[in-house]
Amino acid sequence: MPEAAVQSEIQQSTVEAIIQAEKIEKYYAQPSENRIQVIAPTDLKIIPNEILALLGPSGSGKSTMLRMLTGLSRPSAGQVYWHGKPIAETEINVSIVFQSFALFPWLTVLENVEAPLQARGVGPEQRRERSMRMLDTVGLSGFEGAFPKELSGGMRQRVGFARALVVEPEVLFMDEPFSALDVLTAENLRSELLELWGNKTMPTRAVFLVTHNIEEAVLLADRIIVLGRNPGHIRTDFRVQIPQPRDRKSEAFTQLVDYIYKVLTKPDVAPDQVPDQQAGKRVRDQRQMKYQMLPHARPGGIAGLLELLIDKGGRDDIYRLADDLAFEIDDLFPIVEAAQLLGFLKIEEGDAVITKSGEEFANSEILRQKELFREAALGNVLLLRQIRRALETKSDHTVAEDFFLDMIDEQFSAEESERQMETAITWGRYAELFDFDASRRRFVLPEAEEEEAAASEEEE
Amino acid sequence: MIQHPFARSLITVRTWPFLIDMGVALCGLAVFFGIIYMARYWLGTPIPVVPISHSVRALPLYAFYSTVRITLAYLLSLFFAISYGYIAAYHPRIEAWMVAVLDILQSIPVLSFLPPVVLAMVALVPGHQLGIELGVILLIFTGQVWNLAFSFYSSLKTIPREMMEASRIYRYSGWQRFWQLEMPYATIGLVWNSIVSVAGGWFALMLCEMFTMGNRSFQLPGLGSYMQSAADSGDVRALLSGIAVVILIVVATDQLVWRPLIAWSDKFKFEQVESADRVTSPILTLLQRSALLTSLSEKLRARIEEPIYRRMSQARERLVVQPLDEEEDKGKGAIGFWTLAGAVAIVALWALTQAALMLRTVTWPELRVLLEGAGATFLRVNSALLISALWTIPVGVAIGFNPRLARIVQPLAQVMASVPASAFYPVLLLGLIRIGGGLGIGSIALMLLGTQWYILFNVIAGAMSIPSDLREVTTLYRFTRFQRWTRLILPGIFPFLITGMVTASGGAWNASVMAEYAHVKDRTLETIGIGAQISSATDQGRFPIILLATVLIALMVVTMNRLVWRRLYRLAETRYKLEG
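So the sequences go chain by chain: A and B.
Going by the working numbering, the first sequence opens with residue 1, and the numbers climb by one from there.
Going by the working numbering, the second sequence opens with residue 461, and the numbers climb by one from there.
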């Protein structure tokens, strides 16, 4: 759709942005001079009359981006402008709808909605009237005296919306607003949101939605930005031209979902936007990235996926797989990535294709599976290889977890490092590469006797 | 028509509030009269030694004096705790320092504060009884403030990030954030710690209403003095009636103050679903029905709160969303910070040289005695802990596994824990004299009296929290008794046990001061121990010894906390936590 792209170009350059970010980035200084870059310098504009969705895998800095754009977090470098003025010095009018709702449990529904007005010095009568009207709009009239804990999740998020909208924000930010809700409730709320937006019932001029749900983004957004990770950067930025209301089953819809999925599953195929790297500063680039990012999947999950693939003849559309499993596609993501990393499957055109070793793995019984997993892990995962080698070389065959944490935290944030370690431990334990003593936080080589015993059992 | 269900409820709604309002008004009047009476006494000329009558008729007045002292000390503690916690939580540059200071102050026994505080107050307010009274109130304050401050501080640090962000994005003023987010979030912790604190206040009260310091004696009218002088003269009848009054006050406080507060604070529970069992309080229900109180609070809100919010909303810095991560903002306020830090350093240096000069008068033999005493007390504290653990674990688990028993015993144990053990000391001491025992072992019994309850009710709570399906598993697979204990019960109660032991160990150190040294029937009972040395040094006014002994105690307690308790705590948090 070249016409649309041109159109989008024109629109973006001519319309005045409400919020404009210029080269904002986020990094955390490390004591070792080597800093952790969370978000690479990024330009971004929020313009009137559109719902902008920010998509990305976990660890791509979606939420951090939202917090920088709202002034809740100060960028390490760069500047955010609100109607042309720096955001830290001007009065801005935005609201956030939170994933956890962030309602005050000790205030009633009405008091929760009134609180932001109270902060703005609105008198009691007007406050009450505006809040009641807003509760009516979101379908909660009659519940004003209830406490949040008496409500269902969906109703609580309605309170969240009422509180956000009662101040008539110019930009409404939403941070994964539907991900804590069950599927039906989420769907219901989404369509109501679209209705409010479409009818112009809310005075909001732009909506900024952070989500990891591809379908949700395609369903709601006028424009989608896909983020990549390590560090967070914009992979692609495009307009969605499908008219509302959108049909999930339509050709255009599924094609777009597939396209985004392909972008997300191929982090290494460089999109044309390469993150800016300012000269003089040490920024981690892909060559320094020794350790692969381990997807947080369990060996059992990987085996399950491969078995399902064999049932399907060894090849299937990932999107359909998720559907069959009744999985959110994002929950399937790490499992697919893990299988790919271990060489058990390949991704071709949005399809998952099982490899030879994958097939053998899925068809073996448990001890053989562990053996195959061990080979694949040692062959493909640097961290596991290093742990194993260190255990074999040390005379007492034990090494502290901190030793490896120190090595990987040069590359990942502290939190991510711990998660990486956790996954490595799960995999290594499954493959019987090592034991992990959780109380002393040490890796231990399984003792020689044990190995012998296991070997003799196998012979039987 | 008469049988209409509404009729009854309408009648109750109409008649009761009038009586309740009358009650509320009478209480208000009583408080007013009390203030006048207290003021007249305080502003009078100072009488360091007020003669104490042993008559039972004097008891209500003494109880009144003591209650006022504790109430004032508590209010002061609450105010201090909130300010201290607030400053510590929001000023990352001094946070670590403030927490460390709190940690050290918490480990110092109340009696060590006595000489400096009383002397300072008497000097500051000369010519009025108020000076001595303030000194005593401040002493009680030192017995109850630290855990409140810790509680408030840690509540502030655990406020969920998204709630904090909501308050920022909707541009709450500091005032609104305090009342709608921070205070509600901290309330439950504050209420529970208040119960512990006030119990600590009573403990300290017994100690500091009557004392000698070198050649100066102080004796203020109050329950503490009453009981001590009764013990001095061996008047058992007076002693027992004193204890009865203390228990009466403690139970009344529990029913009239704590239970309503706990029931009320239930709404601040940070939970997503309503829990099934809730504490109820008839008093709270009554108060909530009072028309007088309701209209009063509504008027207050309209008259005072609204103008404040209106004023606040116009403040300049409130128009901008304040970032939450301010760590990079190092330039601002740096000058103020460094001047403050400099001033603190100078004062600390001065105090340190003074202390060093004072300590130079301590001789080597004295130091050796102190170290021996420290060792003896250390052993005593730990054996008291061990004995408490040994009997409370089986008993607590038995109670906890029997829900019907637990419902009866748990509130009882809670009340027992807040009856000050120090009230029973004189009775026990008299008994000890009669059987001719010394304080060497007797002091352990005294420590036990105060500390075992904390462990007991924590163990009960721990046993109750063990899920019944896990217990069924142990029955199903026919675990032996040994397996049951090592695999399920002990790991299950571990976090609770540790919490109880930490509180109990702090209490035992504090109790050592009273347990190792006592005047009874014109005799001085004493044993080797650092608590005894602090007590006798206070009696004789030997400040260098007090100082050195205090430093030793603080050192030992802080080291124990760092080396043992904190580690066990972390282990409990990570490994033995039963998650829902």
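Take the hints with a grain of salt, since some may be wrong.
EDC-like, lysine to aspartate or glutamate: derived pairs with alpha carbons at most 20 angstroms apart [said to hold, decoys possible]:
1) B/K727 x A/E307
2) B/K727 x A/E111
3) A/K149 x B/E622
4) B/K729 x A/E111
5) A/K356 x A/E307
6) B/K727 x A/E144
Simulated from the structure, these hints should not be mistaken for laboratory data.
(message) A/K149 and B/E622 were given as a pair; does the straight-line alpha-carbon distance stay at or below 20 angstroms?
(response) holds, 17 angstroms
(request) Decide if the proposed pair is consistent with the structure: B/K727 and A/E111, CA atoms, cutoff 20 angstroms inclusive. (result) holds, 14 angstroms
(message) Tell me if the straight-line CA distance from B/K729 to A/E111 falls inside 20 angstroms.
(response) holds, 17 angstroms
(request) Measure nothing beyond the straight line between the CA atoms of B/K727 and A/E144; if it is 20 angstroms or shorter, mark the hint as holding. (result) holds, 16 angstroms
(message) Next pair to validate is A/K356 with A/E307; report whether the Cα-Cα distance is within 20 angstroms.
(response) holds, 13 angstroms
(message) Given the hinted pair B/K727 and A/E307, is their Cα-Cα distance within 20 angstroms?
(response) violated, 50 angstroms
Checked against the numbered hints above, the structure breaks only hint 1 and satisfies the rest.
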